[in-house]
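Chains A and B, in that order, give the protein sequences.
Reminder that position 90 of the first sequence reads as 90 in the working numbering, one-by-one numbering, no gaps.
Reminder that position 18 of the second sequence reads as 18 in the working numbering, one-by-one numbering, no gaps.
The set of hints was computed from the structure by calculation and includes no laboratory data.
Simulated pairs of lysine-lysine, DSS-like, Cα-Cα distance not exceeding 27 Å:
(1) A/Lys57 with A/Lys71
(2) B/Lys57 with A/Lys100
(3) B/Lys18 with B/Lys57
(4) B/Lys65 with B/Lys11
(5) A/Lys68 with A/Lys57
(6) B/Lys65 with A/Lys100
Far from chain B by the CB rule (all over 12 Å, computed), these chain A residues:
(7) Gly16
(8) Asn67
(9) Lys68
Note that the structure is predicted; figures quoted are calculated from it, not measured.
Note that CB positions come from ideal geometry on N, CA and C, so glycine has one too.
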Amino acid sequence: QQQVRQSPQSLTVWEGGTTVLTCSYEDSTFNYFPWYQQFPGEGPALLISILSVSDKKEDGRFTTFFNKREKKLSLHIIDSQPGDSATYFCAAEAGANTGKLTFGHGTILRVHP
Amino acid sequence: EAAVTQSPRNKVAVTGGKVTLSCNQTNNHNNMYWYRQDTGHGLRLIHYSYGAGSTEKGDIPDGYKASRPSQENFSLILELATPSQTSVYFCASGDRDWGPYEQYFGPGTRLTVL
Numbered sequence: 001q002q003q004v005r006q007s008p009q010s011l012t013v014w015e016g017g018t019t020v021l022t023c024s025y026e027d028s029t030f031n032y033f034p035w036y037q038q039f040p041g042e043g044p045a046l047l048i049s050i051l052s053v054s055d056k057k058e059d060g061r062f063t064t065f066f067n068k069r070e071k072k073l074s075l076h077i078i079d080s081q082p083g084d085s086a087t088y089f090c091a092a093e094a095g096a097n098t099g100k101l102t103f104g105h106g107t108i109l110r111v112h113p
Numbered sequence: 001e002a003a004v005t006q007s008p009r010n011k012v013a014v015t016g017g018k019v020t021l022s023c024n025q026t027n028n029h030n031n032m033y034w035y036r037q038d039t040g041h042g043l044r045l046i047h048y049s050y051g052a053g054s055t056e057k058g059d060i061p062d063g064y065k066a067s068r069p070s071q072e073n074f075s076l077i078l079e080l081a082t083p084s085q086t087s088v089y090f091c092a093s094g095d096r097d098w099g100p101y102e103q104y105f106g107p108g109t110r111l112t113v114l
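Construct the entire structure; sequences and hints are all you get.
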């Protein structure tokens with residue numbers, strides 16, 4: 001049973017456009033939601049994260065939104081660049097302070113110049 | 001800079017053979033993790049550890065064993081490798097010292113079981 005659902009599976013945007021990735025979850029004990037970015041041939045790396053007590057976290061061109069009532073989160077990338085082309089994973093921490101992350105299946109993003 | 005290294009980077013094994021994947025971290029993190037990554041499945045947790053001498057089962061532990069002999073090293077062992085274990089394996093380390101919790105990933109090991 002997939003506990004974190006991520007969409008879309010793949011996405012193509014033009015350079016300068018806005019990218020929106022979404023995730024939903026079911027487990028109400030999830031309280032920490034990181035987004036990881038993975039380039040081909042590399043391991044994932046933390047991009048941005050948010051706690052369930054917040055509804056928005058911004059870091060440069062990257063913003064994550066969290067809706068506790070709907071159990072949804074999203075990642076917005078403004079002014080998308082070809083260098084943003086990568087696979088993006090949302091994740092959730094299983095229970096308070098366990099350190100265990102449950103990952104979504106990932107979204108492959110391609111940004112065309 | 002956090003550092004997690006994995007060896008080997010590529011491995012071809014035969015069905016029924018024993019495979020050991022190694023991971024070393026210099027971050028002095030208590031927690032270490034083993035994931036496998038397959039197309040369409042994302043990252044799935046196999047085993048994890050909260051410190052030297054401890055191992056815990058993750059979401060898909062069947063067919064795998066883990067060993068944490070020291071703070072720095074965490075191994076994943078496939079006693080009887082099967083073709084279904086062909087995958088890319090990632091090791092990660094993490095600790096909640098301060099700020100947002102982050103797992104630092106190694107570069108991955110590509111395992112092919114023939």
